[in-house]
Amino acid sequence: MNRYPLWKYLLVLAILVVGAIYALPNVYGQAAAVQVSMSNGDLPDGIEHRVQDILDQNGLHAESMRRSQGTLLALFGDDGAQRKARGAIKDALGDQYVVALNLASAAPAWLRDLGGRPLNLGLDLRGGVHFLLEVDMKAALKASLEQKAGDIRRYLREQDIRYRGVTLEDQRIRVRFADAGERDKAVDALDGRYRDLNFDTEEGGSNPALVAQMTQKAAQDERDQALEQNITTLRNRVNELGIAEPVVQRQGQSRIVVQLPGVQDTTRAKEILGATATLEFRLVHGTPGDWQQAEQSGDVPYDARLYHRRNGQPVLLQRDVIVTGDQIEDAAASFDNRTGTPVVVVNLDSAGANHMQEVTAQHVGDQMAVVYIENKVHTKKINGKEVKERSRTEQVINVATIRDVLSHRFQIEGLGSQEARNLALLLRAGALSAPIEIVQERTIGPSLGQDNINQGFMSVVVGLALVLVLMALYYKAFGLVADMALLANIALIVAVLSGLQATLTLPGIAGIVLTVGMAVDANVLIYERIREELRAGNSVQSSIHAGYDKAFGTIADANITTLIAAVVLFSLGTGPVKGFAVTLSIGILTSMFTAIMGTRAIVNLVYGGRRLSRISI
Amino acid sequence: MDLFKFTAEFQFVAHRRRAFILSGMLILISIVSIAVQGLKLGIDFTGGYLIEVGFDQAVQLDPIRSALGDAGYRDAQVQHFGQPNDVLIRIAPREGTSSAQLSDDVVALLGKSLELKPDLRRVEFVGPQVGHELRDKGGLALLLALMMILVYVAFRFEKRFALGAVAALIHDVTIVVGVFSLVRAEFDLPALGAILAVIGYSLNDTIVVFDRIRENFRRQRRGTVQEVTNDAINQTLSRTVMTSLTTLIVVLALLFLGGEAIFAFAFALTIGIVVGTYSSIFVASTLLLATGLSRQDMMPVQKENAGVDSRP
Chain F
1 MNRYPLWKYL LVLAILVVGA IYALPNVYGQ AAAVQVSMSN GDLPDGIEHR
51 VQDILDQNGL HAESMRRSQG TLLALFGDDG AQRKARGAIK DALGDQYVVA
101 LNLASAAPAW LRDLGGRPLN LGLDLRGGVH FLLEVDMKAA LKASLEQKAG
151 DIRRYLREQD IRYRGVTLED QRIRVRFADA GERDKAVDAL DGRYRDLNFD
201 TEEGGSNPAL VAQMTQKAAQ DERDQALEQN ITTLRNRVNE LGIAEPVVQR
251 QGQSRIVVQL PGVQDTTRAK EILGATATLE FRLVHGTPGD WQQAEQSGDV
301 PYDARLYHRR NGQPVLLQRD VIVTGDQIED AAASFDNRTG TPVVVVNLDS
351 AGANHMQEVT AQHVGDQMAV VYIENKVHTK KINGKEVKER SRTEQVINVA
401 TIRDVLSHRF QIEGLGSQEA RNLALLLRAG ALSAPIEIVQ ERTIGPSLGQ
451 DNINQGFMSV VVGLALVLVL MALYYKAFGL VADMALLANI ALIVAVLSGL
501 QATLTLPGIA GIVLTVGMAV DANVLIYERI REELRAGNSV QSSIHAGYDK
551 AFGTIADANI TTLIAAVVLF SLGTGPVKGF AVTLSIGILT SMFTAIMGTR
601 AIVNLVYGGR RLSRISI
Chain G
618 MDLFKFTAEF QFVAHRRRAF ILSGMLILIS IVSIAVQGLK LGIDFTGGYL
668 IEVGFDQAVQ LDPIRSALGD AGYRDAQVQH FGQPNDVLIR IAPREGTSSA
718 QLSDDVVALL GKSLELKPDL RRVEFVGPQV GHELRDKGGL ALLLALMMIL
768 VYVAFRFEKR FALGAVAALI HDVTIVVGVF SLVRAEFDLP ALGAILAVIG
818 YSLNDTIVVF DRIRENFRRQ RRGTVQEVTN DAINQTLSRT VMTSLTTLIV
868 VLALLFLGGE AIFAFAFALT IGIVVGTYSS IFVASTLLLA TGLSRQDMMP
918 VQKENAGVDS RP
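Residue numbers (the numbering used here), protein chains in the order written: chain F, 1 to 617; chain G, 618 to 929.
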């Protein structure tokens, strides 16, 4: 009685060995590393030697260097060397490379080859920044409609259809006409040209009008695009910060999560992320004389708008936008090939390039302006209700003469070198089309992270030690068996978390601690049953057998209900609580294995098949 | 070493009236406290800023308060956090300031007014809208957990068991929240998480007792419903106490050694485990009796599920 077939012993052993292997990298921990990667594309061959040379020249020594997933990792003994090395490598390699501080597994190669990786530490354990950003979808849709309105104006002019005005009102474009005849001509011309718009005629008021609304699908596409584009732009900006393993992820319909682990300078990170700006290229309207007059009289020509430059001077610009910020692919400060003066080189996407070419072909010699638009969001209380208010400041940051037909790639000249750098930065920032707002932030300083690790670790160790002692005192030999199962359980939890590459957070540690307390429950149930059976006068072997057998249903029921609570916790979905739910769920599952099969294997091995008059329980 | 050398024979069921009075009073106090004092919600639910800064020496709070007041943060709550070197500042959501800016401003302000270099340890900002969402979502999760458990227990046992279990859980949750209100502890998202964990834990305890009640009904042919229930509680008593003890040990380790960051979490767990243990002994099973459970209720279920349930 109470013997397992050989395969069961082997199964338990195999699971424990696999668990031990995957838990092992955590013993080696993580080393301070410098991570080198290309901003686009793969690292060239021989980069190792280059980095080695750079380190040698600076008297620095990397403990080891290896390639990993398209990046080069150089491991250092301490943070100081890591920081110095990053500075030296960054300076020497230049802007094409992203050189970031990182943590890398210090486990030996054979362990890494088996896929063993240490746990990721959450922001609350290693310090860093977590942002939840919300994209202003209304503004995104409006910007898109504005572009379409401009297109309609241009197209109607081309088709010689006379209209009174094209205005934007509450997510709709209204085109007014003098008479129904013109309107019908417009309907014929526009119908089929815009698949994204639904056109309706409107008779009311003094003028017949045409009202265009975005189709539901187009609006949804627009929203998705705004979100995707923001994510891309944020990724680029985050890369500028030189942080390893940043997270930029979509959350739901309109939100983006940004996590920057290990960031030291949170102010700069926020500045870079928080700026929400868009750009527009517009043709200049009239002469400086006209501008002054418009400023003084307030009379602005129907096809123009009044703007101001940074120094306050007025400028009249055409109503139609040539190119918007989201059509800019890249902007960089550089120097002109021939003259050597500072310039900003701008790259447009194909839609932007086509339009730019179309417009500039007719306006060589005219002036073009860049308008920088900043969006700010305030939360105000009106009648006790929170209302978000948006303000928009528009500024002309550059006026330049069009020398040639411009297209995909062009440059803006006549700038100082500092000015060029600023303009390039603003252009890149302006590539973000819809305004975003930080709706949640968690910043954990590195010192607090270390405290959290120490305290979390300490509470696990103390709690665990006390439970081990209590179990051993109360259940004697069987208590020791339960203790072994408990330790194996923790190793398994760590192994599963490492294998899944889950992120360990402080609440996650709390989940492990709670599991430690609850995992022994299964053994308590079993052992109490065995004691009961013994008290009832049954033989040792049959008591052990009945104890395990009878306790099983109870353990399963109890654990499944706890698992339900854990799954609901997980679906609550926010960072800290999620981490707790994950470790709790994994702990419940692994504890079922170790507390039932694991202890049974040991008990069977030690006591099974022997004639015993008493056992130590 | 045994907690109870032989099967204990406490008259839990006979004393259920006293338990009901005690529970009723606890719940009444909790509800009154929640109604009168309210619950001190953390910024997770209200929205706002929480800024923790550390200094390399102990600092006074009054200069910080006046400096913040002068700068327009009159509503700022300032307190020491854990030790006199650490300061925790809470500020309600503001109009007109960009969210990212405020924490930097406050840290700069502290450095200037105290002439000490503050070490920014933690900033949390939750927008008011997100706060409300989290509150609603949290409440929903709580309800959802209770519903799913109700369904599971009804499916595995019988609907009266489910009612007893869920009533005991509502009892536990009310008292834990009541204690938070009573001692004015801050109720944040981790505390809500802890309550969900308490639900899982307390239920675990209750299920073990219920399992035994069901088993006893099938084995013992004699005995009233009260006697069978009382036996089940006694038979599982040493297990209940032992498991509560081990869990309490580790939770207390979290409470005292885990640091301020998870204090609310560990506090909710500690209260929850104590109340949960009490409720699974005194409340859940006696409530089960109050639903009018009879021997007949147990029998048909057994026949239908004979194959599944033959394993106790």
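Each hint should be verified, as a subset may be incorrect.
As the list claims (entries may be wrong) - Calculated lysine-lysine pairs in the DSS-like style (CA-CA distance at most 27 Å, straight line):
#	chain 1	residue 1	chain 2	residue 2
1	F	550	G	776
2	G	754	F	578
3	F	148	F	138
4	F	90	F	148
5	F	84	G	754
6	F	476	F	550
7	G	754	G	657
8	F	578	G	657
9	F	142	F	217
10	F	138	G	734
11	F	138	F	476
12	F	148	F	84
13	F	138	F	84
14	F	578	F	8
Unchecked claim - Simulated restraints, written as ranges between beta carbons of each label pair:
#	chain 1	residue 1	chain 2	residue 2	range
15	G	801	F	200	43 to 49 Å
16	G	686	F	447	25 to 31 Å
17	F	58	G	800	37 to 43 Å
18	F	169	G	799	24 to 30 Å
19	F	29	G	844	31 to 37 Å
20	F	609	G	844	36 to 42 Å
To be verified - Covered, in the sense of this in silico footprint (three residues per stretch, anywhere, with C-beta under 8 Å from a C-beta of chain F), are these stretches of chain G:
#	segment
21	632-639
22	685-698
23	844-850
Just so you know, the hints here were simulated from the structure itself, not pulled from any lab data. Note that this is a predicted model, so its numbers are computed, not measured. Think of the CB as a built atom: it goes at the ideal place given N, C-alpha and C, for glycine as much as any other residue.
Each hint tested on the structure:
In summary, the hint linking residue 550 of chain F to residue 776 of chain G is supported, as the alpha carbons are separated by about 23 Å, within the 27 Å threshold. For the given pair, residue 754 of chain G sits about 13 Å from residue 578 of chain F by alpha-carbon distance, which is consistent with the 27 Å threshold. Distance hint between residue 148 of chain F and residue 138 of chain F is fulfilled; the C-alpha atoms sit about 15 Å from each other, no more than 27 Å. As the CA atoms of residue 90 of chain F and residue 148 of chain F are separated by approximately 44 Å, the hinted pair breaks the 27 Å bound.
Simply put, residue 84 of chain F and residue 754 of chain G have alpha-carbon atoms about 46 Å apart, too far for the 27 Å limit, and the pair is violated. For the proposed pair residue 476 of chain F and residue 550 of chain F, the alpha carbon gap of about 21 Å is at most 27 Å, so the pair holds. A C-alpha spacing of about 18 Å is found between residue 754 of chain G and residue 657 of chain G, which places the hinted pair at or below 27 Å, so the restraint holds. Pair hint residue 578 of chain F plus residue 657 of chain G holds up; C-alpha atoms about 23 Å apart against a cutoff of 27 Å.
Taken as a hint, the residue 142 of chain F and residue 217 of chain F pair is honoured in the structure, with Cα atoms around 16 Å apart against an allowance of 27 Å. Between residue 138 of chain F and residue 734 of chain G the alpha-carbon distance is near 42 Å, which puts this suggested pair outside the 27 Å criterion. Between the alpha carbons of residue 138 of chain F and residue 476 of chain F the distance comes to roughly 68 Å, so the proposed pair goes past 27 Å and is violated. For the suggested pair residue 148 of chain F and residue 84 of chain F, the alpha carbons sit about 52 Å apart, so the restraint of at most 27 Å is broken.
This hinted pair does not check out: residue 138 of chain F and residue 84 of chain F have alpha carbons roughly 46 Å apart, beyond 27 Å. For the proposed pair residue 578 of chain F and residue 8 of chain F, the alpha carbon gap of about 34 Å is over 27 Å, so the pair is violated. The hinted window of 43 to 49 Å between residue 801 of chain G and residue 200 of chain F is violated, with their beta carbons roughly 59 Å apart. Hint check: residue 686 of chain G to residue 447 of chain F, Cβ distance near 28 Å, so the stated range 25 to 31 Å holds.
The supplied range of 37 to 43 Å is broken by residue 58 of chain F and residue 800 of chain G, whose beta-carbon atoms lie about 57 Å from each other. For residue 169 of chain F and residue 799 of chain G, the Cβ-Cβ distance of about 55 Å falls outside the hinted range of 24 to 30 Å, so the restraint is violated. The supplied range of 31 to 37 Å is broken by residue 29 of chain F and residue 844 of chain G, whose beta-carbon atoms lie about 58 Å from each other. Distance hint for residue 609 of chain F and residue 844 of chain G: a CB-CB separation of about 40 Å, consistent with the stated range 36 to 42 Å.
Coverage of a stretch by a chain is defined here by at least three residues with a beta carbon nearer than 8 Å to that chain's beta carbons; for the segment 632-639 of chain G and chain F the count is 0, and the condition is violated. Counting residues of the segment 685-698 of chain G whose beta carbon lies closer than 8 Å to any beta carbon of chain F gives 0, which falls short of the minimum of three for the stated coverage. Check on the segment 844-850 of chain G: 0 of its residues sit with their Cβ under 8 Å from a Cβ of chain F, so the three-residue criterion for coverage is violated.
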